[in-house]
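Student: Heads up: the protein sequence lines correspond to chains A and B, in order. According to UniProt numbering, the first sequence is numbered sequentially starting from 1. According to UniProt numbering, the second sequence is numbered sequentially starting from 1.
Certain hints may be false.
Identical copies look the same in the list; a pair holds intra-copy or inter-copy alike.
Subject to a maximum C-alpha distance of 30 Å in a straight line, what follows is the list of computed DSSO-like cross-link-like pairs (lysine-lysine) [as the list claims (entries may be wrong)]: (1) K243 - K105; (2) K6 - K263; (3) K243 - K317; (4) K338 - K243.
Quick caveat, the hints were computed from the structure, so don't treat them as lab data.
Protein chains: 2
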Amino acid sequence: MNSKHKLCMIPGPVEFHEDVLTSMSTLATSHVSPSFIPIFGEVIELLRKIFCTEKSQPFVVSGSGTLGWDMVASNLIESDEDVLVLNTGYFGDSFADCLQTYGVKVTQVKADIGDRPSLEEIRQALTTKKFKAITITHVDTSTGVLSDIKAISTLVQQISPETLVIVDGVCSVGSEEIRMDEWNIDIVLTASQKALGVPPGLCILIASERAMNVFHNRETPIKSYYASWRNWLPIMNSYESRKGMYFATPPVQLIFALHTSLKQIISRPLELRFQQHKEVSNRIKNSLEELGLKFVPKNREIAANGMTAVYYPEGVKATDLLPKLAEQGVVIAGGLHKVIGPKYFRVGHMGISVTEPERKHIDNTIEALKGNLKDLGCKGDN
Amino acid sequence: MNSKHKLCMIPGPVEFHEDVLTSMSTLATSHVSPSFIPIFGEVIELLRKIFCTEKSQPFVVSGSGTLGWDMVASNLIESDEDVLVLNTGYFGDSFADCLQTYGVKVTQVKADIGDRPSLEEIRQALTTKKFKAITITHVDTSTGVLSDIKAISTLVQQISPETLVIVDGVCSVGSEEIRMDEWNIDIVLTASQKALGVPPGLCILIASERAMNVFHNRETPIKSYYASWRNWLPIMNSYESRKGMYFATPPVQLIFALHTSLKQIISRPLELRFQQHKEVSNRIKNSLEELGLKFVPKNREIAANGMTAVYYPEGVKATDLLPKLAEQGVVIAGGLHKVIGPKYFRVGHMGISVTEPERKHIDNTIEALKGNLKDLGCKGDN
Chain A
1 MNSKHKLCMI PGPVEFHEDV LTSMSTLATS HVSPSFIPIF GEVIELLRKI
51 FCTEKSQPFV VSGSGTLGWD MVASNLIESD EDVLVLNTGY FGDSFADCLQ
101 TYGVKVTQVK ADIGDRPSLE EIRQALTTKK FKAITITHVD TSTGVLSDIK
151 AISTLVQQIS PETLVIVDGV CSVGSEEIRM DEWNIDIVLT ASQKALGVPP
201 GLCILIASER AMNVFHNRET PIKSYYASWR NWLPIMNSYE SRKGMYFATP
251 PVQLIFALHT SLKQIISRPL ELRFQQHKEV SNRIKNSLEE LGLKFVPKNR
301 EIAANGMTAV YYPEGVKATD LLPKLAEQGV VIAGGLHKVI GPKYFRVGHM
351 GISVTEPERK HIDNTIEALK GNLKDLGCKG DN
Chain B
1 MNSKHKLCMI PGPVEFHEDV LTSMSTLATS HVSPSFIPIF GEVIELLRKI
51 FCTEKSQPFV VSGSGTLGWD MVASNLIESD EDVLVLNTGY FGDSFADCLQ
101 TYGVKVTQVK ADIGDRPSLE EIRQALTTKK FKAITITHVD TSTGVLSDIK
151 AISTLVQQIS PETLVIVDGV CSVGSEEIRM DEWNIDIVLT ASQKALGVPP
201 GLCILIASER AMNVFHNRET PIKSYYASWR NWLPIMNSYE SRKGMYFATP
251 PVQLIFALHT SLKQIISRPL ELRFQQHKEV SNRIKNSLEE LGLKFVPKNR
301 EIAANGMTAV YYPEGVKATD LLPKLAEQGV VIAGGLHKVI GPKYFRVGHM
351 GISVTEPERK HIDNTIEALK GNLKDLGCKG DN
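Working from the sequences, and respecting the hints, build out all of it.
Tutor: So, in structure tokens, the structure goes:
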């Protein structure tokens, strides 16, 4: 590691494994060459393992996580159909915007800042009309609030079993448990640069058999070209059967990097991975709590395990803390939420920073946070 | 270079400079960090130089070149408006498909395989109705046919000056001359993995002031979320003014790589670059002509300078030539055109393979092609 490198402890992009970066600089390789085709094919297979699903259909496309919203809106939902959006922050607002762009009728259950809709609120909303889908931001990167997708999905099965369960897992895949088949999740969409540990540039989406049937049986034309599964499905099928096929040039180097990272992730039990993320999250949150700080999520039970959103101490601003930490080699993020943006900061703790404690990323981050926050008047822990 | 590395001499991805690959493996960096913001800002400025324009608006977005079509269709054209598509191969068909997905009324002027629409045909088409835009595939990667965008744009100014001139430059930017301002071009869209010499994963589009005015004055809602300039324009403006801003996480490593490559490209006169691409193209085409082969473009005047599409000798198939060349370390591409796909092959000659002759990529490619084609019964040149 470059001695001048600053640890990237934001909620994505996260620190990348050396082997992942080596894959990023793979020499020029044709997208239909025998050295790339099986890599792409295996990526598709590995994704099913990551999402704990037997038969769901992965899509890996050049783009950011945001493109996954367009995929949902343009492939699954038809004009004037209703979608229930559970809103726990900035990304709920944006997902709703995206759906509305495609003519979808959106109903939101919007939690107060730092909270999440209760199961009772969701139950009530589900009974008001027939929803084609419900969307859940698993972890809203703007608030660090974690949604209970298992409980929500169970509720949907009870109240409105035809409603598709769609999870925005951009800030959760790889750091929070997701059991697609067991929990009856229809869509999980994510991006490469969070807990999957790959540089940004890949939109990753996985669709249940039921979702694919809804797609195949849609009655009106698909509303996007670049996001259209009609264009991408043959490509995914072809690479999975170890044949090249062209729709648009795949981002070869990023897919090599994703392959490297997925192989690393899958080489150890997923349960252990999620446990480690919980433990590290607790360590960081305990340290901040000991300093007297208040989290954005209203309690620890609904806080994400891959990131922490926390209010500055009274009278402290972003410019008092973030530049000093960066000078000391630790980069964290400011707030993103439209209402409380300047009042809080965010720390990412995902991927190799968590699973490889010997790197001391977490130790160094806690130490730097503690030192600086004490200088800014926070109480000590001893 | 890895001794087992096979030269990637297809019409994109092309061979990448070592410094570009080093940028690809940049350690984790926040998309709003002071080490990234000025890089992205400078990329936007450098693109204006590449496209010979003072005030046009660049967009650099995670995606493939195909996403550029969605940007055009969803931001510039409103439902039921007419667009004239000049078709010189596979990519004309696909651009038309994309436009139609967004409700655009498409009229095509379709050339025979290996030909391009004549100026007289284009003139006639332009007089039949009022077209919001005309699209031109500068180089159709499926046929290697080069369109004369300067002459077509001049014609459009004469016949239908309000019509936007839209150039699909995926396989031409960096290898063919494009003077956006001087030639009154409104849009050029491209991708990173061709003559710009960067791994695939970036959609690059540049829009004239006139095109941006058309966008700002549109009357109906924009039809995409991920491709919407309403979302991306504030981001481009913000990074150009050296401030970070968030819509979707930019592909940091690819943008570092693009920065490296653009700096290299701009460090030498663009005229020299285009001249080198012409000379190398002539060398390759002369060699193939001497072997008695016939090009897909009907004559050398309408053939691209960054790639060559050429028919196999009578009785020779892809499997007779391509695997042998690959064994010898040179990867070329098969055909892509729906009608003649199995009958021809394609060689890419762009970027550092052309501008840095000391690498001997072109020499090695010509030698390997000659040797194998002679073995397959082609006549020799001495």
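Student: Does each hint fit the structure? Answer for all of them.
Tutor: Taking the hints in turn, this is what the structure says about them:
no. : hint        : verdict
1   : K243 - K105 : neither (40 Å within a copy, 35 Å between copies)
2   : K6 - K263   : both (26 Å within a copy, 25 Å between copies)
3   : K243 - K317 : between (54 Å within a copy, 18 Å between copies)
4   : K338 - K243 : between (46 Å within a copy, 18 Å between copies)
This entry does not satisfy hint 1, going by the numbered hints stated previously; all others are met.
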